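Just so you know, the protein sequences line up as chains A and B, in that order. If you're matching positions, the first sequence starts at 0 in numbering that gives the first Met the number 0 and goes up one per residue. If you're matching positions, the second sequence starts at 0 in numbering that gives the first Met the number 0 and goes up one per residue.
Treat the hints as calculated values from the structure; they're not laboratory data. All of these numbers come straight from a predicted model, not from anything done at the bench. Mixed in with the good hints, there may be bad ones.
[What the hints assert, rightly or not] FRET-style restraints, in silico, Cβ to Cβ: (1) PHE171/A / GLY27/B: 55 to 63 Å; (2) ALA150/A / LEU11/B: 39 to 47 Å; (3) ALA150/A / THR165/B: 58 to 66 Å; (4) ILE253/A / PRO63/B: 30 to 38 Å; (5) LEU147/A / ASP222/B: 56 to 64 Å; (6) ASP131/B / ALA12/A: 48 to 56 Å; (7) ASP222/B / LEU337/A: 54 to 62 Å; (8) VAL169/B / LEU337/A: 37 to 45 Å; (9) LEU147/A / VAL169/B: 51 to 59 Å; (10) PRO251/B / PHE171/A: 52 to 60 Å.
Backbone N, C-alpha and C define an ideal beta-carbon position, used for all residues, glycine too.
Listed below, chain by chain, are the residues.
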Amino acid sequence: MIRVERLGVGWLAAGVAAVLVAVVAGVAAGPVSLAPFDVGRELLDHLPFVEVRSGLTDRQAAIVWDLRLPRVVLGLLVGAMLAVTGSSYQGVFRNPLADPYLLGVAAGAGFGATLAIVSGASTDVGFVEPLPLAAFAGALAAVGLTYLLGAAGDRFRSPAALILAGVAVASFLTALQTYVQQRESETLRDVYAWLLGRLSTAHWDEVRLLLPYAVITAVVLLAHRRALDVLSVGDEEAAALGLHPKRTRLVVVIVASLGAAAAVSVSGLIIFVGIIVPHTIRLVAGTSYRVILPLSLLLGGAFLALVDLLARTVVAPAELPLGVVTAFFGAPFFAVVLRSSRRATA
Amino acid sequence: MDLRARDVGVALGGTPIVTGVSLDAPAGTWLTVVGPNGAGKSTLLRALAGLVPAGGTVELGGEPTAGLRRREWARRVAFVPQDPVVPPGMSVGGYVLLGRTPHLGPLAREGASDLAVVARTLEQLDLTAFTDRPLETLSGGERQRAIVGRALAQEAPVLLLDEPTTALDVGHQQDLLELVDRLRRDHDLTVVSTMHDLTLAGQYADRLLLLDRGQVVVTGPPDEVLTQENLARFYGARVRVLVDGGALVVVPVRAGTPVQT
Numbered sequence: 000m001i002r003v004e005r006l007g008v009g010w011l012a013a014g015v016a017a018v019l020v021a022v023v024a025g026v027a028a029g030p031v032s033l034a035p036f037d038v039g040r041e042l043l044d045h046l047p048f049v050e051v052r053s054g055l056t057d058r059q060a061a062i063v064w065d066l067r068l069p070r071v072v073l074g075l076l077v078g079a080m081l082a083v084t085g086s087s088y089q090g091v092f093r094n095p096l097a098d099p100y101l102l103g104v105a106a107g108a109g110f111g112a113t114l115a116i117v118s119g120a121s122t123d124v125g126f127v128e129p130l131p132l133a134a135f136a137g138a139l140a141a142v143g144l145t146y147l148l149g150a151a152g153d154r155f156r157s158p159a160a161l162i163l164a165g166v167a168v169a170s171f172l173t174a175l176q177t178y179v180q181q182r183e184s185e186t187l188r189d190v191y192a193w194l195l196g197r198l199s200t201a202h203w204d205e206v207r208l209l210l211p212y213a214v215i216t217a218v219v220l221l222a223h224r225r226a227l228d229v230l231s232v233g234d235e236e237a238a239a240l241g242l243h244p245k246r247t248r249l250v251v252v253i254v255a256s257l258g259a260a261a262a263v264s265v266s267g268l269i270i271f272v273g274i275i276v277p278h279t280i281r282l283v284a285g286t287s288y289r290v291i292l293p294l295s296l297l298l299g300g301a302f303l304a305l306v307d308l309l310a311r312t313v314v315a316p317a318e319l320p321l322g323v324v325t326a327f328f329g330a331p332f333f334a335v336v337l338r339s340s341r342r343a344t345a
Numbered sequence: 000m001d002l003r004a005r006d007v008g009v010a011l012g013g014t015p016i017v018t019g020v021s022l023d024a025p026a027g028t029w030l031t032v033v034g035p036n037g038a039g040k041s042t043l044l045r046a047l048a049g050l051v052p053a054g055g056t057v058e059l060g061g062e063p064t065a066g067l068r069r070r071e072w073a074r075r076v077a078f079v080p081q082d083p084v085v086p087p088g089m090s091v092g093g094y095v096l097l098g099r100t101p102h103l104g105p106l107a108r109e110g111a112s113d114l115a116v117v118a119r120t121l122e123q124l125d126l127t128a129f130t131d132r133p134l135e136t137l138s139g140g141e142r143q144r145a146i147v148g149r150a151l152a153q154e155a156p157v158l159l160l161d162e163p164t165t166a167l168d169v170g171h172q173q174d175l176l177e178l179v180d181r182l183r184r185d186h187d188l189t190v191v192s193t194m195h196d197l198t199l200a201g202q203y204a205d206r207l208l209l210l211d212r213g214q215v216v217v218t219g220p221p222d223e224v225l226t227q228e229n230l231a232r233f234y235g236a237r238v239r240v241l242v243d244g245g246a247l248v249v250v251p252v253r254a255g256t257p258v259q260t
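So here's chain A without its partners, still in its complex pose (with noise of 0.2 Å):
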């Protein structure tokens, strides 16, 4: 019997459990620990046609909703993207080691969000945040120039080409950042920090500013999980089943890209994550991309909300750099996976 290998029921609902755990515990855990229970019941009864009695204070209930879910939920979203973008990049690409920063999104955000800083720009002013808009103008800038450079002179312009032009671009800006950070001392710190990472200032704005690219994303990511199925098999081999292996590989680019550049820009360079959620499932759940993009978006939201939750919980009342903590244990736990794995076909 002949099937279609797509995304299993128990994986799919390994994912939702797994978004849920993330959820209800990033928002119990905390300065003010409010019991998992309790937690479930005030969500359940914001659903649609859902009443039930939480039994949390106002004052607790303010916590859930005003200060650690728009928290979670970024974590979510942030993790999802970084994940999700990560998969297809290393799909159009066929490069394991691609990851959502390859075209120089976070070399582009980083000079972004720094000129912001120095600028004195990244204090409020008014009604929206220029850091996050600094951050992402600078990561579409960043792929855009690679993306000309790439094609420049090569009219059938080749993969090899546009991560060679990614390196040049984020050399580029790696270094004008570096020197705009050195001359502005001050505020290295500041930048330091974004730079590494962090959710901590998460609002509703962000979740708003994040959630319309973090949707058209998804949405055409997923589209294309067939047709990075088919590009496995090479750009010749792609184009004689009928594929056109460059536009396909543009429309994927240029939307993990936008998705990639929404996601730095609220949450800072967060490393690692495009690499290991997506390997993972390779390693256990299925090497369709029918099966790695879905579960991207679910266990990627998982896993940051979670290593968030670590974050800010292990050296509390302080917080650890979020790149730090997706670093420090996703790359043992890799290790682990990657092993296991070997023993398993070997």
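Please build the complex by placing chain B on the supplied structure of chain A, with the hints as guidance.
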């Protein structure tokens, strides 16, 4: 479906690789392109598959391919490359299912009829037992069958094979070529292949086309193409062409041994 090419030319990076090639492969026939290394055989095949920008005209079933959309081309012509990419972790069933791509819209999913085509193809190629096995764990001969299976699942009337037997031992070479021949008869496929082994080329093709430096030198039935003079002149090869039970056998001869005619 008849395949007809007129004055096909391909230049890669400004260098002409194939120039002025015309060929005819009527429906249900097998044409094999032979020629020394670098003669442009693979490039010619890729031009027929629409994978490289080419001058001249290619007609499929009397219709010009110019302006044909990629997907429409892929429904008419299936292409098996010389060195196909084996995606890590992909099952044989999933791989053959990729062959249904030209029949699906950009966002569509495979339906029951697509799965039925794949099941039938695997059955025909004796691969049903391998359906869930990762492609990379198959032996060379089995893997080559799976790759032909992907092309077959395209249900295209024209099948292009680039050096399909290169990595196989002689027994598996015969198995694969017999399989292609059987499929050609069963489905009335037009087969165009390239091949290095001249004896096998002569045994399986209806017609041969000898390509040298991108140009057609001679085309015709095997006994007109596989002559000692042609092989000496265009391959720089010392060979004897023997006739064994009606089939041509090309035997290499060491330098110093007198070549008999």
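Consistency of the hints with the structure:
In this structure, PHE171/A and GLY27/B meet the distance hint of 55 to 63 Å, their C-beta atoms being roughly 59 Å apart. Separated by about 19 Å at the C-beta atoms, ALA150/A and LEU11/B break the suggested range of 39 to 47 Å. Hint check: ALA150/A to THR165/B, Cβ distance near 35 Å, so the stated range 58 to 66 Å is violated. A beta carbon spacing of about 34 Å between ILE253/A and PRO63/B agrees with the range 30 to 38 Å that was offered as a hint.
Look at LEU147/A against ASP222/B: about 58 Å separates their beta carbons, and that is inside 56 to 64 Å. The hinted range of 48 to 56 Å is not satisfied by ASP131/B and ALA12/A, whose Cβ atoms lie roughly 23 Å apart. Between ASP222/B and LEU337/A the beta carbons are some 58 Å apart, a value that agrees with the proposed interval 54 to 62 Å. Between VAL169/B and LEU337/A the CB atoms are about 41 Å apart, so this pair conforms to the stated range of 37 to 45 Å.
LEU147/A and VAL169/B have their C-beta atoms about 53 Å apart, which keeps the hinted 51 to 59 Å range intact. Distance hint check: the CB atoms of PRO251/B and PHE171/A are about 58 Å apart, consistent with the given range 52 to 60 Å.
Hint check: violations occur at hints 2, 3, 6; the rest are consistent with the structure.
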